[in-house]
Amino acid sequence: GAGVSQSPSNKVTEKGKDVELRCDPISGHTALYWYRQSLGQGLEFLIYFQGNSAPDKSGLPSDRFSAERTGGSVSTLTIQRTQQEDSAVYLCASSSGGTSGGGYNEQFFGPGTRLTVL
Amino acid sequence: GDSVTQMEGPVTLSEEAFLTINCTYTATGYPSLFWYVQYPGEGLQLLLKATKADDKGSNKGFEATYRKETTSFHLEKGSVQVSDSAVYFCALTRNTGGFKTIFGAGTRLFVKA
Numbered sequence: 009g010a011g012v013s014q015s016p017s018n019k020v021t022e023k024g025k026d027v028e029l030r031c032d033p034i035s036g037h038t039a040l041y042w043y044r045q046s047l048g049q050g051l052e053f054l055i056y057f058q059g060n061s062a063p064d065k066s067g068l069p070s071d072r073f074s075a076e077r078t079g080g081s082v083s084t085l086t087i088q089r090t091q092q093e094d095s096a097v098y099l100c101a102s103s104s105g106g107t108s109g110g111g112y113n114e115q116f117f118g119p120g121t122r123l124t125v126l
Numbered sequence: 110g111d112s113v114t115q116m117e118g119p120v121t122l123s124e125e126a127f128l129t130i131n132c133t134y135t136a137t138g139y140p141s142l143f144w145y146v147q148y149p150g151e152g153l154q155l156l157l158k159a160t161k162a163d164d165k166g167s168n169k170g171f172e173a174t175y176r177k178e179t180t181s182f183h184l185e186k187g188s189v190q191v192s193d194s195a196v197y198f199c200a201l202t203r204n205t206g207g208f209k210t211i212f213g214a215g216t217r218l219f220v221k222a
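Chains A and B supply the protein sequences, listed in that same order.
Heads up: the first sequence begins at 9 in the working numbering, then just goes up one per residue.
Heads up: the second sequence begins at 110 in the working numbering, then just goes up one per residue.
Chain A on its own, in the form it takes in the complex (with noise of 0.2 Å):
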């Protein structure tokens, strides 16, 4: 498809198991972002991703969350030790951002994974 895809779109796991979040941008989009939403929460930036250089990783919450983008294309969100805190829906996004000042910088974002730490 054309759009944003993240895999897996719900996940179950118990606690201090390590989970990997999947993300496929839209072909050829340069940037890519990863946010969390959790219950009743606004969008909490973590990660955001120039090709696959991240020039900002000051949204991820501890040590154990870590991110990794390779070809420019596919991004893995990596949660190691889950607590339940981390129970969230993950969302990424993508947009065709460049690397000079421009303003319009459309988000596209997926469907997101259901977090689910038990």
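You may find that some hints are simply not true.
As the list claims (entries may be wrong) - Capping the alpha-carbon separation at 20 Å, the derived lysine to aspartate or glutamate pairs in EDC-like fashion look like this: (1) B/K169 <-> A/E114; (2) B/K161 <-> B/E151; (3) B/K209 <-> A/E93; (4) A/K65 <-> A/E28; (5) B/K161 <-> B/E185; (6) B/K209 <-> A/E114; (7) B/K161 <-> A/E114; (8) A/K19 <-> B/E151; (9) B/K165 <-> A/E114; (10) B/K209 <-> A/D64; (11) B/K209 <-> A/E76; (12) A/K65 <-> B/D111.
It should be emphasised that the hints constitute simulated quantities derived from the structure, not laboratory data.
Following the hints, put chain B in place on chain A, whose structure we already have.
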């Protein structure tokens, strides 16, 4: 740091009522401003945008004007419909030094028939 503040919800209106959802921002430089909408059971999608001061974004009867003097980007619609019930997010993206996007907390709108 950059931030976005929007009015708390939920907002409950009757059909055909006038809607305003306030949004103010703090940012260095000249960010682009956006409203995103999340309909029940659906993903986030862009509703409208404005990329410079005094620009007016509009879509589906919604409008918002980029006001640099008041650092605001209030969302308005003259006559809401039941189908407008959703969560609305105000957001900004810097245009320099990267493209980090900051979202407001979201405002839930309920429209009654």
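Checked hints:
no., hint, verdict
1, B/K169 <-> A/E114, "17 Å, holds"
2, B/K161 <-> B/E151, "29 Å, violated"
3, B/K209 <-> A/E93, "24 Å, violated"
4, A/K65 <-> A/E28, "17 Å, holds"
5, B/K161 <-> B/E185, "18 Å, holds"
6, B/K209 <-> A/E114, "12 Å, holds"
7, B/K161 <-> A/E114, "14 Å, holds"
8, A/K19 <-> B/E151, "18 Å, holds"
9, B/K165 <-> A/E114, "16 Å, holds"
10, B/K209 <-> A/D64, "7 Å, holds"
11, B/K209 <-> A/E76, "17 Å, holds"
12, A/K65 <-> B/D111, "15 Å, holds"
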